[in-house]
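Visitor: One-letter residues, chain by chain:
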Amino acid sequence: MTTPLDMLHQPYWMTMGPMIVVAATGFVVMILEFIFRKGDRRWLTVLSMLGVVAALVVAIIHFNAKPTFALNTIGVDPFASVFSVLILISALLVLLFTLDFSAKSDVPAEHTYLILFAVVGALTMASSIDLVTLYVGLELLSVASYVLVAVRTHSIRSVEGGIKYMLMGALGSAVLLYGMSFIYGISGTTNLMNLSGAGLQMFSTYPAITVIGFLMMLIGMGFKLSLVPFHMWTPDAYAGAPTPITSFLATLSKAASFGMLLRMLVFIFNAPGAHLFYWAGIIAAITMIVGNFIALPQRNMKRLLAFSSVAQAGYILVPFAMFGIAQSADWAGLFDSISFYLFAYTFMTVGAFAIVYLLERDKGSLDSDALIGLYQRSPWLAVALTIFVLSLAGMPLTAGFLGKFYIFVDTMHFSTIWLGVILFATSVVSFYYYIGWLRKVYQKEPVAEVTALSASPIMHTLVAVCVIGTLALGIVPALLLHPLAGLPWIYG
Amino acid sequence: MNFVWSWPVIAFYIIALLTLCCGVIMLSVRKVIYMALTIGGVFIGASALYFLLGADFVGVAQILIYAGAITILIMFAIMLTNHEATEPGFKWSPKNIAAAIGSVLLAVVLLLAIRSTAWPTATTSQTALDGGNSNPMAIGLVMFKGYAIPFELVSILLIVALVGAVILAKERKEDE
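Protein chains in written order, with my numbering: chain A, 1 to 492; chain B, 1 to 176.
Take these hints with a grain of salt, some might be off.
Cross-link-like lysine-lysine pairs, in silico, BS3-like; alpha carbons within 30 Å at most [as the list claims (entries may be wrong)]:
1) B:LYS170 <-> A:LYS38
2) A:LYS302 <-> A:LYS363
3) A:LYS164 <-> B:LYS170
Just so you know, these hints were derived from the structure itself, not from any lab.
Generate the whole structure from the sequences, applying the supplied hints.
Guide: Now the structure itself:
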């Protein structure tokens, strides 16, 4: 540090506002949880949701703020704003989900504030411009997730999933840190702003180390994002975790990790990008192909959604491959594609997991045969599931289609059509297993008497919100694209 | 690279050899308690390397936290649970062979890349640390000023780890 830092007069509220609100709520909920040990403690979850709503308000107030940084580590810029809003919305959906889940099954009440602290980690990953802070945020999110996956200690599958996730996550962190240490070693700084200026010189002086640093950071985050071939933990952790936590891993954790990966790669490696970013394209291609083909024979619904989320991560990684080719003037389009897909993905994934959870609770089984007769038992939920599944597959009029369409157009624009073709072909493959679900949903139940599928108002609200999100983004994409288009993504 | 025989270089090779030996022994012994002992050796070797590099504070912290606290904690955990546990012996299965080839390839690539690079060396302003005496001061300034925000976030991380450990270790009410 050359200039003395004025610790007191920093724009903390403006840059870390949502984070401060969520962390404070987390501590309040923690203390209240200690004090009130008896009775129904689900009001703690409601309190947490209020905290997240307050944080969302703060994030939206500062949405168009001029890029500002506190202590050169954490800041508000368009990138941070978009990902913060996305993370807080998915946190809200997940908390709504747990509100219903904790009424019906036995999970320790501590999980509520663990989710909040994980959200603090995720927000840090979205808004930090320093490698050390990014890493601390990632660990905060990961450690909380490991505990949340294994939180049902009486279930052997939950503990197994948690241990696998922790071991693979620790390995990913180690690889990521090793990569960061190389970059620090050749540049002498952990600040992304300084690194972004030094990228080209770094690459021309130390090409081998820069490539290794890039690959290690990509692979380290690949573990967290369950990119193939680092996805082995995904089905076990997803199937073992309580279903709200599964949806948390699939949406919130993934959005934050994509945000962090995007920020690191684009800031550090933008200048020598043409020599590096095609690696992301190769991994994206492998992920799309393997994820979709492994999903084909799955009968367990949560495992199928796990592999489907692996494939979805591959689609989102496709625009990453184009940062090397695109001029910085075109980057805004790529940022838009990635954020649009992540928003769409959040709604459809949480919705699909919500309905899978209702069926699991009703039938006591995760086999996809539990879907049979869903249309007779609850036409509304059947239609909702149809919308989510078609959106995940990429059917027009849904958000998933437009998300894939924008990415496809990007691949054409930047003449990486081979990635677009793989995206299109693997989507066709994914139709096969998604349609398999739909066939069962509309199949008649062999039993004469059909019992209606019961769901609490909370679950109905959650499913309705997700349906609205999926359809609104699919029919009127301008709702999201308009605010995104006005953002000055590139600054400084 | 020209090779000079000086005491630090000789010390480096001895320490590196001992550290690597401890690492290899840790992987090859089959009793968990011996593994814990040898990993203590690896930690002490790493701290000796830090001293050699002039990073006194990191070296002391390494002994204090890793060799002291963490190794002892691992030993306690092993002794309180099943300390007779042994790992199954090593077999040349296809999976292990593939892992070995992968590891060797990774090591070769890393070694070649590191050896072929002319690493930046510290400039005078960075080494002028008052004979190592201002080392902790520099670390303190960086940690509590420049990196104050991640430092505070680490405290949340510690709470999460603590609460998580309590939840997971709590008495199980029912068994499936």
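Visitor: For each hint, tell me whether it holds in the structure or not.
Guide: Hints, one by one, checked against the model:
Taking the CA atoms of LYS170 (chain B) and LYS38 (chain A), the gap is near 18 Å; set against the 30 Å cutoff, the hint holds. Annotation: proposed proximity of LYS302 (chain A) to LYS363 (chain A) holds, straight-line Cα distance about 14 Å (limit 30 Å). A C-alpha spacing of about 20 Å is found between LYS164 (chain A) and LYS170 (chain B), which places the hinted pair at or below 30 Å, so the restraint holds.
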